[in-house]
Amino acid sequence: MYELFHQILTGLSQGGIYGGLALGLVMVYRTTHHVNFAQGEFAMFSTFLALTLIQAGFSYWSAFFLTIAISFAGGMAVERIVIRPFHQASALTLVCVFMGLLMVTNATAGWLFGYTMQPFPSPFSDAFALGGFIPAHEAGTILLVALMLLLIYLFFRFTWLGLAMRATAENGESSALVGINVGAMLALGWGLATGIGAVAGMMAAPIVFVDPNMMSGVLVYAFAAALLGGIDNPWGAAISGFIVGVVENIAGAYLVGTELKLTLALAIIVGVLLIRPRGIWGRSFVTRV
Amino acid sequence: MTDLLRLKGVEASYRDHQVLFGIDLAIAPSSSVALLGANGAGKTTTLRAICGMVRTRGEITFEDERIDGRRTDQVARLGIGHVPDGRGTFLNMTVEENLQLGGYLRRRSGAMAQRMEQIFTHFPRLKERRNQQAGTLSGGEQQMLAISRALMLDPKLLLLDEPSFGLAPLIVKEIFSILRAINETNRTALLIVEQNAKLALDIAEHAYLIETGSIVMHGPSEKLKGEESIRKAYLGY
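In order, the protein sequences belong to chains F and D. First residue of the first sequence: 1, per full-length UniProt numbering; consecutive thereafter. First residue of the second sequence: 1, per full-length UniProt numbering; consecutive thereafter.
The shape of chain F in the complex, shown without the other chains:
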């Protein structure tokens, strides 16, 4: 019984990481219908940045928030410089752009930081472990991701900027007509997605260690979560992240073993696309021709 409880908890903490990344994917998808394959690589790059800051003598939390801020600005810059010129391009062109972004980010990280795996500290002291009952980092991750989701929810629900971003995602033309700077909102969406990704990366790093390929597996789970929740529903994606995390861990422990865990994510992706392409909470689209 304790074993099962432990697997669920580990699943939730990993699921938070998947959910965060999936939320970033969905946020970019909703505004532009782009699927950013490089989302995981951005998170990896942010994590290296945090590691560099910590090694340079910054305290964990100052490095944490500085990394988020830099990632946010970096995400906005990438949207402006790399993605904006392809705004009208075909889907296939965009897939190439995103694959290119993925490879360039990966190679740049390897070139700058090297390919050796490096340990990454966890900020959560034993106080989070409830007297050794559960691992501190897992409990802390669950709490931190929950807090982040709450903040994002409050931002979208109760601020003007959040309302304007939701409006842009829903109807860009009408948004421009009421005076919203649509381009700025798209860039902000990218910044937010990259900032969330940075948190996901920094939470994953103490478990998977830091190296240029640390997020490749995580991204597959994030895709599974985004599709399961409905690619146009941010809260669906976040919740599905937790579901995927728990299912992955329980199946890994009792059914398929650790080696086939990643296959399970792919099975979820294929299964959702076959049975219910819009996901659990997604809307189905009818296009008038």
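Honestly, the hints are just simulated from the structure, not real lab data. Just so it is clear, CB atoms sit at the ideal spot from N, CA and C, and this is done for glycine as well. Check each hint, because a few of them may be wrong.
Unchecked claim - Pulled from the structure, derived: some chain D residues nowhere near chain F, Cβ distances all over 12 Å:
| hint | residue |
| --- | --- |
| 1 | S13 |
| 2 | S30 |
| 3 | A38 |
| 4 | R57 |
| 5 | R66 |
| 6 | H82 |
| 7 | H122 |
| 8 | T136 |
| 9 | F165 |
| 10 | L199 |
| 11 | K225 |
As the list claims (entries may be wrong) - Short derived list, chain F residues pointing at chain D, Cβ under 7 Å:
| hint | residue |
| --- | --- |
| 12 | W160 |
| 13 | L161 |
| 14 | E170 |
| 15 | N181 |
Given the coordinates of chain F, work out where chain D should sit on it, guided by the hints.
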């Protein structure tokens, strides 16, 4: 008297397909103008050209300032409200959120609630439905919401793209009488694009006829209504 909005030789194209071939049009402050013509004549494109939603050549001036080439949100900032073709409702948001978005540029003025109440006096039905998701409204209510959204901006000029489209005659009558009241009491200038010429001529002081991307005739509505040859050839009634 100087014009509020003036178009001079405005041309517009979608990719390689030219739609407007030199539109000349002027709207005086607080006046009401109708732009009439058949399907595909370029009525909607003319409105889109004013709001920077399509690439144009020629001159567009608003309060003696060139506005062609500006971004759509910058044009809105000048006080031009646009009720677009298809209403442009934010379907997944509530009625109230739609109105808040309409007042986005006035969000720091502090008069948001007051403006909303003022608009609700014209459209009491929207007040009843303020917490309802906009996508669940009827067509007529969505058109009222679209007009209200544009009014939240407190515009000097309101562009309306076929406000009667797809609505029952009784609702159309109601909407047009409200538009007239807005024109008269708020002194908001109106530019109404319509296929229903009779309706538009009743509300507008001045009308322009557009045919394959050019203005073929314009004059006071009374005069256009009076000439049977024009009525038969262009207005279809």
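Now the hints, each set against the structure:
Here S13 of chain D stays apart from chain F, with its beta-carbon at least about 15 Å from theirs, past the 12 Å limit. With a closest Cβ-Cβ approach of about 22 Å to chain F, S30 of chain D is found to remain outside the 12 Å limit, as its non-interface label requires. No beta-carbon of chain F comes within 12 Å of the beta-carbon of A38 of chain D; the shortest separation is about 22 Å. Taking the minimum C-beta to C-beta distance to chain F, about 20 Å, the non-interface status of R57 of chain D holds against the 12 Å cut.
Remark: the non-interface label on R66 of chain D is consistent with the geometry, its nearest Cβ contact in chain F lying 19 Å away (cut-off 12 Å). The claim that H82 of chain D lies off the interface is violated: its Cβ sits roughly 5 Å from the closest Cβ of chain F, which falls inside the 12 Å cut-off. Non-interface status of H122 of chain D relative to chain F is upheld: no Cβ of that chain comes within 12 Å, the nearest being about 18 Å off. For T136 of chain D, the non-interface assignment is confirmed: its Cβ lies about 14 Å from the closest Cβ of chain F, beyond the 12 Å cut-off.
Listed as a non-interface residue, F165 of chain D keeps its Cβ farther than 12 Å from every Cβ of chain F; the least gap is roughly 15 Å. Every CB of chain F is more than 12 Å from the CB of L199 of chain D (nearest about 24 Å), matching its label as outside the interface. Every C-beta of chain F lies more than 12 Å from that of K225 of chain D, the closest at about 32 Å, which supports listing it as non-interface. Proximity of W160 of chain F to chain D holds as hinted, the smallest CB-CB distance being about 5 Å (cut-off 7 Å).
The closest approach between the C-beta of L161 of chain F and any C-beta of chain D is roughly 10 Å, which is over the 7 Å cut-off, so the hint fails. Nearest Cβ of chain D to the Cβ of E170 of chain F: about 5 Å, under the 7 Å cut. The hint holds. A cut of 7 Å between beta carbons decides the hint on N181 of chain F: the least distance to chain D is about 5 Å, and the hint holds.
Hints 6 and 13 from the list above are not met by this structure, while the remaining hints are.
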